[in-house]
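S.K.: Given these sequences and hints, build the entire structure.
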Amino acid sequence: MLWGLVLTACLVRATTPAPAAAAYPYVTTSYYESTTSTSTLFSQGCSAGSAGAVGSIILDFGRPAYRAGAYGTMLFGSGGFASNVSILQGMKAFADGYWNCSPVRTQVIIARGTSNYCPEGSGCSLPTPSYTAAGSYWGRRTDDLASYISTSGYSSQETSAAAIDAEPAWDPDYTSTHDFIAGYNSATSWFMFDYGSLESGYWSNAAAYYVAYTGANFPFPEIYYSSMAASWESLELWAVAYRGAAMLVIGVTSEWPAGALTPHEGYDAMLGQLQSHASTYQSSIDYLTRIR
Amino acid sequence: MRQVIASSIVVLVLAVGAAASSSVQTPPAPDKQAVIEHQFAVAPNAAPPAPKNPHYVPPHDPPQPQVQLRQVSSKELQAPVSPAIFTPTSQWIDVVGGTQIAVYGGSHGRAGAIYVWITNLETGLDDPDKGLFVSRTPPGPLTLTGVSGTTVSFEGPSGEGTFDLVTHAFR
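So the sequence lines, in the order shown, correspond to chains V and C.
Reminder that position 145 of the first sequence reads as 490 in this note's numbering, one-by-one numbering, no gaps.
Reminder that position 108 of the second sequence reads as 94 in this note's numbering, one-by-one numbering, no gaps.
Hints in this document: simulated from the structure, not taken from any laboratory.
Some hints could be false.
Said to hold, decoys possible - Listed next, with one range per pair, are the computed distances between beta-carbon atoms: (1) C:Arg96 - V:Val449: 47 to 55 Å; (2) C:Gln50 - V:Ser572: 38 to 46 Å; (3) V:Ser572 - C:Pro143: 24 to 32 Å; (4) V:Ala590 - C:Asp80: 49 to 57 Å; (5) V:Gly468 - C:Asn31: 13 to 21 Å; (6) V:Tyr369 - C:Thr123: 36 to 44 Å; (7) C:Val82 - V:Ala415: 38 to 46 Å; (8) C:Pro143 - V:Gly468: 34 to 42 Å; (9) C:Thr129 - V:Thr607: 30 to 38 Å; (10) V:Ser467 - C:Asp80: 35 to 43 Å; (11) C:Tyr42 - V:Gly546: 47 to 55 Å; (12) V:Asn550 - C:Pro37: 44 to 52 Å.
All C-beta atoms, glycine included, are put in the ideal place defined by N, C-alpha and C.
M.R.: Written out as structure tokens, the structure is:
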């Protein structure tokens, strides 16, 4: 029911003349994860629930990896390899924590995050033999979390998604990023947020558009500097010219204070760019998160 | 006079029309709309809302560090910060009493910088003392050489230096 209201609001907003930007969306906290410990992830979920977090939360488990027949990721910091199954267990615990600690009317999208990190010469260990398979399994485990949310009685407040910190400089030839996303979209249709960057000199506009907006993908860009918002607007204008319509920017990612812009400043920068051309106009952006 | 007024009205109407059209958000394409609807649709067989138990404590599942600790490394440099902000060259990680301390040497733009990440692995929450610290040495990345106590040693474009994890001072 509540999700229905969200959807209705989304549809209405998308089809009616929009007012100037109103209130900012809630700034959720997203995490670079060092562990898939269920008690740790439960604690993070409970923390979000206790705070009444509303919106999208990205749990970034690091870049894809593969060990002893199991797909997974390399966690940040001391975490090492985490299998997809252990990530799923951690995400279920996050969902449990959010459910038990939240008030009854808040709603979040819990996104299973990864990246396209592994630039040539970076010494990445446990490389993934197939990025298409890695993406497909990522999608299936996203499905599994959705099923868990549904069967656990959390559907009124939670839903499952995926996310990728796609950085052109990390995969200049674009192949592994493309294959991962193709694999994901072949397996499921839950949101896949692109919370990456768009630095120039690496990917074509067509490639960047594919990463941001194919299938279930939506742009949820990092906006740490004003120039980053301008880069996304440039891709928006390319999409209008070559794909017939602008992309729907669904969220903004902040990394303040390491980045120069606060979450609200990043939101303003992105929305200001979108509103600078009639063809890319959005009245607002649904989600805002600060990753740390 | 009437012509002037009529012309003004026409111009005003056109201006209002243009302003109105510029503030209309184009609906998502049907395939994207379908994705949005799928995302927020509750499955028909979804369980009814579960009872909430804010006092529930899950079984303890202690985090297990899986990398070599207290060593400077220049491989697998997946720093918990965007490359748009910080580009790492080296890292050093330790876990003390359930607290993870990760130190990265590298650069912020052209400036040498240290990125410190302190996390309580039990709660998954960061220590506010984390962050990006930019050196005032000549441009160029910093490369860690070791960590002793709270002193981080590095090499940079102007030679060797240190960074204090408590005071955040470069020397």
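S.K.: All the hints need checking, so say for each whether the structure fits it.
M.R.: Going through the hints against the structure:
no. : hint                            : verdict
1   : C:Arg96 - V:Val449: 47 to 55 Å  : holds (51 Å)
2   : C:Gln50 - V:Ser572: 38 to 46 Å  : holds (41 Å)
3   : V:Ser572 - C:Pro143: 24 to 32 Å : holds (26 Å)
4   : V:Ala590 - C:Asp80: 49 to 57 Å  : holds (50 Å)
5   : V:Gly468 - C:Asn31: 13 to 21 Å  : violated (47 Å)
6   : V:Tyr369 - C:Thr123: 36 to 44 Å : holds (38 Å)
7   : C:Val82 - V:Ala415: 38 to 46 Å  : violated (30 Å)
8   : C:Pro143 - V:Gly468: 34 to 42 Å : violated (23 Å)
9   : C:Thr129 - V:Thr607: 30 to 38 Å : holds (31 Å)
10  : V:Ser467 - C:Asp80: 35 to 43 Å  : violated (22 Å)
11  : C:Tyr42 - V:Gly546: 47 to 55 Å  : holds (50 Å)
12  : V:Asn550 - C:Pro37: 44 to 52 Å  : holds (50 Å)
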